[in-house]
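*Asks:* Add chain B to chain A, keeping to what the hints say.
Protein chains: 2
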Amino acid sequence: MKIRRQNQTVFFKNEPKIIGHYSIVGPKEGKGNLRKYFSEINKDDDLFGQKTYEKAERVMIERALDGAIKDSNLKYDDIRLVMAGDLLNQIISSSYAARSFDIPYVGVFGACSTMVEALALSACLVDGGHFDTIACATSSHFSTAERQFRFPLELGNQRPPTSQWTVTGAGSDIVSIKGSGPKILCATFGKVTDYGINDVNNMGAAMAPAAMNTLVTHFKDTNTSPKDYDLILTGDLGKLGSEILIDLMEDKGYKLGLNYKDCGQIIFKRNQDVLMGGSGCGCSATVFNSIIMKKLLSGEYKKVLFMATGALLSTTSSQQGDTVPGIAHAVVVEGVKNE
Amino acid sequence: MKIRRQNQTVFFKNEPKIIGHYSIVGPKEGKGNLRKYFSEINKDDDLFGQKTYEKAERVMIERALDGAIKDSNLKYDDIRLVMAGDLLNQIISSSYAARSFDIPYVGVFGACSTMVEALALSACLVDGGHFDTIACATSSHFSTAERQFRFPLELGNQRPPTSQWTVTGAGSDIVSIKGSGPKILCATFGKVTDYGINDVNNMGAAMAPAAMNTLVTHFKDTNTSPKDYDLILTGDLGKLGSEILIDLMEDKGYKLGLNYKDCGQIIFKRNQDVLMGGSGCGCSATVFNSIIMKKLLSGEYKKVLFMATGALLSTTSSQQGDTVPGIAHAVVVEGVKNE
Numbered sequence: 003m004k005i006r007r008q009n010q011t012v013f014f015k016n017e018p019k020i021i022g023h024y025s026i027v028g029p030k031e032g033k034g035n036l037r038k039y040f041s042e043i044n045k046d047d048d049l050f051g052q053k054t055y056e057k058a059e060r061v062m063i064e065r066a067l068d069g070a071i072k073d074s075n076l077k078y079d080d081i082r083l084v085m086a087g088d089l090l091n092q093i094i095s096s097s098y099a100a101r102s103f104d105i106p107y108v109g110v111f112g113a114c115s116t117m118v119e120a121l122a123l124s125a126c127l128v129d130g131g132h133f134d135t136i137a138c139a140t141s142s143h144f145s146t147a148e149r150q151f152r153f154p155l156e157l158g159n160q161r162p163p164t165s166q167w168t169v170t171g172a173g174s175d176i177v178s179i180k181g182s183g184p185k186i187l188c189a190t191f192g193k194v195t196d197y198g199i200n201d202v203n204n205m206g207a208a209m210a211p212a213a214m215n216t217l218v219t220h221f222k223d224t225n226t227s228p229k230d231y232d233l234i235l236t237g238d239l240g241k242l243g244s245e246i247l248i249d250l251m252e253d254k255g256y257k258l259g260l261n262y263k264d265c266g267q268i269i270f271k272r273n274q275d276v277l278m279g280g281s282g283c284g285c286s287a288t289v290f291n292s293i294i295m296k297k298l299l300s301g302e303y304k305k306v307l308f309m310a311t312g313a314l315l316s317t318t319s320s321q322q323g324d325t326v327p328g329i330a331h332a333v334v335v336e337g338v339k340n341e
Numbered sequence: 003m004k005i006r007r008q009n010q011t012v013f014f015k016n017e018p019k020i021i022g023h024y025s026i027v028g029p030k031e032g033k034g035n036l037r038k039y040f041s042e043i044n045k046d047d048d049l050f051g052q053k054t055y056e057k058a059e060r061v062m063i064e065r066a067l068d069g070a071i072k073d074s075n076l077k078y079d080d081i082r083l084v085m086a087g088d089l090l091n092q093i094i095s096s097s098y099a100a101r102s103f104d105i106p107y108v109g110v111f112g113a114c115s116t117m118v119e120a121l122a123l124s125a126c127l128v129d130g131g132h133f134d135t136i137a138c139a140t141s142s143h144f145s146t147a148e149r150q151f152r153f154p155l156e157l158g159n160q161r162p163p164t165s166q167w168t169v170t171g172a173g174s175d176i177v178s179i180k181g182s183g184p185k186i187l188c189a190t191f192g193k194v195t196d197y198g199i200n201d202v203n204n205m206g207a208a209m210a211p212a213a214m215n216t217l218v219t220h221f222k223d224t225n226t227s228p229k230d231y232d233l234i235l236t237g238d239l240g241k242l243g244s245e246i247l248i249d250l251m252e253d254k255g256y257k258l259g260l261n262y263k264d265c266g267q268i269i270f271k272r273n274q275d276v277l278m279g280g281s282g283c284g285c286s287a288t289v290f291n292s293i294i295m296k297k298l299l300s301g302e303y304k305k306v307l308f309m310a311t312g313a314l315l316s317t318t319s320s321q322q323g324d325t326v327p328g329i330a331h332a333v334v335v336e337g338v339k340n341e
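Protein chains in written order, with the numbering used here: chain A, 3 to 341; chain B, 3 to 341.
Just so you know, the hints here were simulated from the structure itself, not pulled from any lab data.
A pair counts as met if it fits within one copy or between any two copies, since identical chains are not told apart.
Listed below are the simulated SDA-like cross-link pairs for lysine to any residue, each with C-alpha atoms no more than 25 Å apart in a straight line: (1) 57 to 317; (2) 77 to 9; (3) 57 to 150; (4) 57 to 318; (5) 72 to 51; (6) 38 to 145; (7) 33 to 263; (8) 15 to 134; (9) 15 to 223.
Only a predicted model underlies this, so the values are computations on that prediction, with no experimental measurement involved.
Pulled out of the complex, with its shape left as it was, chain A reads as follows:
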């Protein structure tokens, strides 16, 4: 099979596979809906034994990378590249975590779309024969995100009803040409989309148009429709953003049904006071690398369209009156076939 390229979607001919994965979360996530599925839960300490939340986030990425490499039954030497990114300024969680590994490193940034950006790029690099095996990772931490993007935690600010709760967690995947595991069939790279939202407490609304844009493009490029997937999973649109996406898709002639889910809506329980749901790079990273990977590995899911969305703002852009552009990247992952 030749590599076919159709507009924004890249198809892989050499079957890049996810041969290892890991998810690590904090106490609140460990009490949520997916508590049975995470690889590791720190039940008591969202500082992970560190003095600052930033160092805690770094530890989560380190453990996620470490855990995924172990899960793949490989040694550090077998990993040719670490590709990671996160929400903190200058992606320090990723870069400092990469310092602990004697492996070449490239930093990527797509805000909360980073997990899929890394999976998509890694699949290209592995498929193209440039790297055998790549470790992808991303993270977020409620307390680092709050104080960097919003207010000091100590202020105890009231949260607006459209706000989401940044997931404290990290996820990692080992993408390889060798070994066995769910295959990455294709990737759709998204465009920056801006519908003019400037409410930084309504990220779901800012990201939904980008999600629609990439999703419609994906269906057209691959000549598929929502019913062709066991699961269509968005990253962290949350309750409001998901509803907007469903509406926008309906306007475009696509009906998202019961096979559509959003990581931000399923990670926490209804009574956990998270308003519109979970968010952050760690949201899609930990949901995908827990229950979704489990069901891909068991063959329960045969075909999952995993699309993470990112809001490409900073505090500076908001302070200068800029609206919030969004982006969404998607990969199609095929479950393991049981003979």
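*Replies:* Here is chain B on its own, set in the frame of chain A:
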């Protein structure tokens, strides 16, 4: 020729080429050593007609991308992907610039190594057949970097003698499998290296060990030595960092001679009061995309080893007492052969 992979270096079999380039700089750079070579100089206005320096930096990236696409004689539709990154928090210069182009976008971050990180990744993606043509870009602005990483400009702080001057400029390259131009032969992806420097006003010293690490690896992987290159060009080590690199390389048995240059040392004139020289993503991006590309296109340079270095810190990591890890990525670019 099969793709050979040797440790950290990736060789390209399908001859990815740089088929278009552009550099844009501000007034100070426009009075420097390379004033004859830049594609565009804004002589009077480092705000580029904008209300804030951050918006000015964004305009530079937009113009660099636009100029490089025009230089390649392609249309926007021919560009399959924009890959960009910069120093600002959440790489807003790149993401907001990408909003102006109706082209898929991936953000990357390697601090001041970003230009080479983007070139190396793009060469992989183009070589692997996943994208025909990719536009890479990066930028920095003295005034956005100063107020984000150091002090408000209005304070008029004295600059320590080891400090460097962030270049106001942006550069862009079009990497393609089609067309003609200097070829990217191989890329060496660097590891995060930390020698324990914690002086944020001495980036050259923090980055030199990473430069040494990647350079030694590159020579070993490719079985070459410094004399095999017409030019070995580092990104922005500056005067002190370059001297440290020369010493570190000598300890490893490699003598860097007259064919070794640093972008930070050549961009400004001696009397421009820039202490250790230029720095920032825009430093290597504008030097490479002016005089170096000119000499690669004319065939004066036959083989250039272009290695940009990045300091992977943030103000938060510094405030929390972390040392400054560095990284360096390298590409080998072959000049156009004149029959």
